[in-house]
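Participant: One letter stands for each residue in the lines below.
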Amino acid sequence: MAQIELAGIDRSFTVGDSRVHALSALSLAIEAGEYVAIMGPSGSGKSTLLNLLGLLDRPDAGHYRLEGRDVTTLSADEQAAVRRSRIGFVFQSFHLVPRLSAAENIALPLTLAGIAPPERERRVARALRDFGLEERARHRPDELSGGQRQRVAIARATIMQPALLLADEPTGNLDRHTGEEVTQLLEALNAAGTTLIVVTHDPAMGRRARRQLMMEDGRLKSDSRRQAGPADESHTAPGSAP
Amino acid sequence: MSPADTLRFAGRAAFAYPLRTALMVLAMAIGVAAVVVLTALGDGARRYVVGEFASLGANLVIVLPGRNETGGVNAGSFITNTPRDLTLADASALLRAPLVSRIAPLSVGNSEIAVGGRLRETMVLGTTSDYIDVRHLALAEGRFLPQESLGHASAVAVIGGTLRRELFGNEAAVGRMIRVGDTRLRVVGVMAASGQGLGFNTDELVIVPVATAQAMFNTNTLFRIMVEVRGRDALVPAQRQMEDILRSRREGELDVTLITQDAVLGTFDRILGALTLAVAGIAAISLAVAGILVMNVMLVAVTQRTGEIGLLKALGATGGDIRRAFLVEAALLSLAGALAGYGLGQLGAWGIRLAYPVLPAWPPDWAVAAGLGTALFTGLLFGVLPARRAARLDPVQALAKR
Ligand SMILES: Nc1ncnc2c1ncn2[C@@H]1O[C@H](COP(=O)(O)OP(=O)(O)OP(=O)(O)O)[C@@H](O)[C@H]1O
Ligand SMILES: [Mg+2]
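As given, the protein sequences belong to chains A and B, one line each in that order.
What the first sequence shows, in our numbering, is residues 1 to 242, in sequence order.
What the second sequence shows, in our numbering, is residues 1 to 402, in sequence order.
Read the hints as simulated data drawn from the structure, not as lab findings.
Because the structure is a prediction, the values reported are computed rather than measured.
Ideal Cβ placement from N, Cα and C applies to all residues, glycine included.
Don't take each hint at face value.
To be verified - A few chain B residues that face chain A, going by a derived Cβ cut-off under 7 angstroms, partial list only:
| no. | residue |
| --- | --- |
| 1 | A16 |
| 2 | A314 |
| 3 | G316 |
| 4 | A317 |
| 5 | T318 |
| 6 | P395 |
What the hints assert, rightly or not - Ranges between beta-carbon positions, derived for each pair:
| no. | chain 1 | residue 1 | chain 2 | residue 2 | range |
| --- | --- | --- | --- | --- | --- |
| 7 | A | V15 | B | R8 | 34 to 42 angstroms |
| 8 | A | S224 | B | L19 | 50 to 58 angstroms |
| 9 | A | R126 | B | W366 | 53 to 61 angstroms |
| 10 | A | A116 | B | R12 | 17 to 25 angstroms |
| 11 | B | D394 | A | G68 | 26 to 34 angstroms |
| 12 | B | F377 | A | E143 | 39 to 47 angstroms |
| 13 | A | Q161 | B | R12 | 20 to 28 angstroms |
| 14 | A | A29 | B | R8 | 40 to 48 angstroms |
Chain B on its own, in the form it takes in the complex (with noise of 0.2 angstroms):
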């Protein structure tokens, strides 16, 4: 039997028992379309989680206080149990590291901005002219803050977006004075939107010189320190040379912790893969149920048609035309099953990207081929035991059978 009639016999069989086809179908699409969800899911999360740090750029090098390494007991864990504090002195020490271009200190808290009668709660941002460049933002409006060293707490404020709609609706923004708790400060100029990155939602932050935000929560301690490095290459010599100042300015104890946009990414890329491989290990269990669905169906047809089986061999069909003929005909359900699966489950995931914009759950490449493979591949492997059962069938007896 030529190839083309092997295919149109068994299309024909699979379409002569409709309900039982769309059955296994439908078993054999969830399984896939379990796949394709979940792992958009997962990959979604990852891409999330990553494009939230890249946006960071590479040569970045965040210092925050405290060790939080993993087996972070050393000599200086008893001797004081809270780290100290990261100040503007660490900040401006910083900069004498060769390797070392920018940096700019954050500090961070909450705050109430009043413009004539509208108030709104804020997050409020304390850091220098430098930030700008390090977290390679934009200016809608105006200036950012001016130039001038860290101690010096002026009166100026550069707001996000939403906050300047919010506030100001169609009026101009730059020059005019808003309230932050008790402090007046003139707002110099307007952040462009950027959206979220690194927790802080730009579009409504007031960002104001790091001095002036230290005065306003009464403080002198450091939330973190952006630093920028001398290139890519430097993030590591850079690195080694920040930790002997800060440990020198810390009586050799260097109880703070330094990581990098590649560390973080590193972490979380395995995390997440990590996560995206297990769902999609739990994704294909489904479509080794629907795998051991494909052979029983298959067992039932074999049964069902002894008779046409015998009645084949009597006209000559060899075990061979038998045997191929079942398979593909196992073949050809387990591919509607996973094209129909694999349209599903861009249906799912198109439904998460429309729920949860903000995930870009796209199913990765990888993980659309292993579900259309897997699901192929379950299919005939379940199918060869039905079929050599069929090829086998003594055609005496099979054509007894009615």
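If we strip away everything but chain A, and leave its shape as in the complex, we get (with noise of 0.2 angstroms):
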């Protein structure tokens, strides 16, 4: 059984009079630990197949079955909660809280989840160490660098050790540098065991995955693998194993 499978997913919206087919007859299946990027033109419907996979949105048809169960028919909590200790999200514009810490939204998800105090603080620390900002703990969002906020971010993301780690163009607003930094971390965190699927207009980060997706008007055009390549050794970024 294979952790995602999608069947006939169909996502449409209704743009005044006329109906725009982001995603039609979708079916796919991601094993645990796979790493996939999802590659395609803008409009092609990445986005809208990254927030179905992420239960943020519901197919209009199809089935969506995460690890084994229909979570298409999950109630809002009930998919809130799945989202709360299974999925990890990274966004292109980090999406920190501006009036909250590094260590404050590192902890949100802890918190969100009614993790006692102790254990929240502990497991914070832990994560700043993993991921290098043990002196930026106190900072807030607007006291730090695209990279660092991105970093923090990854943490926010992991800090439940969920199962699958979804990441929208991570690298979408960083530079060259910053952002094989990150996509380093990302792919530490897969080799660690957790899924890791990207979607990205960047070819040469679209080629380290393992699997690619091609996107073409809200069909699969292509879905093609990579054996090992020169992705699988650059596991020297920090991370933490889940």
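The task is to assemble the complex, starting from two chains supplied on their own in separate frames and drawing on the hints.
Facilitator: Spelled out as structure tokens, the structure:
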């Protein structure tokens, strides 16, 4: 049984009088621990697919089985619980809460999950260490560089030790060098067992993934796999084992 | 999210926008302060008036000439358009009522009082020896008016404390002669300080025998008759006995008014109580306005923080978590406003008491509770809509907004 199974997924939006088919008849299976890059032209449905995988959106038709459970029929609160414990998100624009410090931003998922403060502090301290953010723990997002912000966001996304990490253009707002660092960080987390699904416009980054999905007009144009490559050797970045 | 974490999160959010928070707290504070100050004023006025009349004593009936009741048109009104005056004969007749224990007829006027070279305008009260007991007053020096028949005009006077100080200074007052108008009187006593009561300030009064006052002002009428009855329970039957006596003395027509402390107090209590309520109602409107402001501010907050709400949902927050966070934020802002307003209101009431020492301008407990309660309630009530809007936001669209 694959970790993720999509069958006959449709998702369309009504814009004015016309309907836009963001995803149509999409079927897909992803195993636990895979490293998948989703690529394709703008408007091809990449973000829509990622939002569906992250239970932020519901399909109009079709089924989504996550770890053997049909999650399309879950209530909103049940879906929130799945997001809380099984899924981590990394966004292009970081999405840090501006009034909270780096440490408090990282602690947010633990707070939402109702984990007791002492345990929370212990885990946040470890994450700060793992992601090289100890010096920045008390800084607010506007006092951090782009790379540091994305590291805080990744620390936050992984603090609950999710089985699935979803990243929508995680390096889109970063310069080349910082983007490379962040990519290595994500790959290290994947190497430690987390399923990693990255939406990217960058062909170089896409090539590093072991599996590439090419989207076009809401459909899967190609699904290619690559055997061991250079990405598998770049486990030098710091990261915590889930 | 645990309640403590929700509270902390909402508190941080409230503090993140200091200007917005300060303005909203101010609006709420003004509403609560208005309730506190205005009810303090209204209730202070009520207590002041009630206090004035409460000093009368519970088993007192005041007889005054004229029928000043509502719907006061009766047969007599057509025969005589001016009511018959009250006289000393009426007063002594009232003593025949079995339930009447004491009477004090009152005759008042203004005159000049002179001692040596010192001259001063003052109020003269003509009454009897029982006045001091009927009014529960006390003497500071000497004796009160002598026990004598109503018609006897002895040349004695009892003066108030202020007059004594102004006319005699440190010298002895008892035994000295004073001139009131054209009449020479001997001071036999000085009243203890008692302040305002029933329209007279006893401290500035010259009290003389009633016949002396009537001679001085060349009249045979009375201003009022104060009647003390034998106990509180006797109030109603005594009133009936007095009415019978007075009616028989004026050809079957009762053209006098009998008032009791209970009736006066009841009336004033009702009128001023209603006034306080009305004032509280007006102040409550300002609280409602503050509530609408809370709603507006929270709606803006939801719009400002749309991206954050989307993020929280992505991190696994339920709609309930987000609704509670926003509701608690509204409640915190209202609470801060209510407390600030309470402080401001108490300060205002204190200022009023300072400016008008006679007015006991303390906000009543019920008004304070109602003001604080309404503030919190409106804050929460008007916070519900924004909180629900936040909770219902679609996470994808919320995240797309920056
Ligand atoms: N909320 C929405 N309302 C209307 N149309 C939408 C909405 N979300 C997505 N779409 C449409 O669905 C299609 C797919 O959008 P999606 O955001 O998935 O594209 P994408 O592949 O992520 O593009 P990009 O690379 O530019 O981010 C587009 O045509 C878009 O206009
Ligand atoms: Mg996209």
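Participant: List in ascending order the numbers of the hints, as given earlier, that are violated by the structure.
Facilitator: Hint check: nothing fails, all pass.
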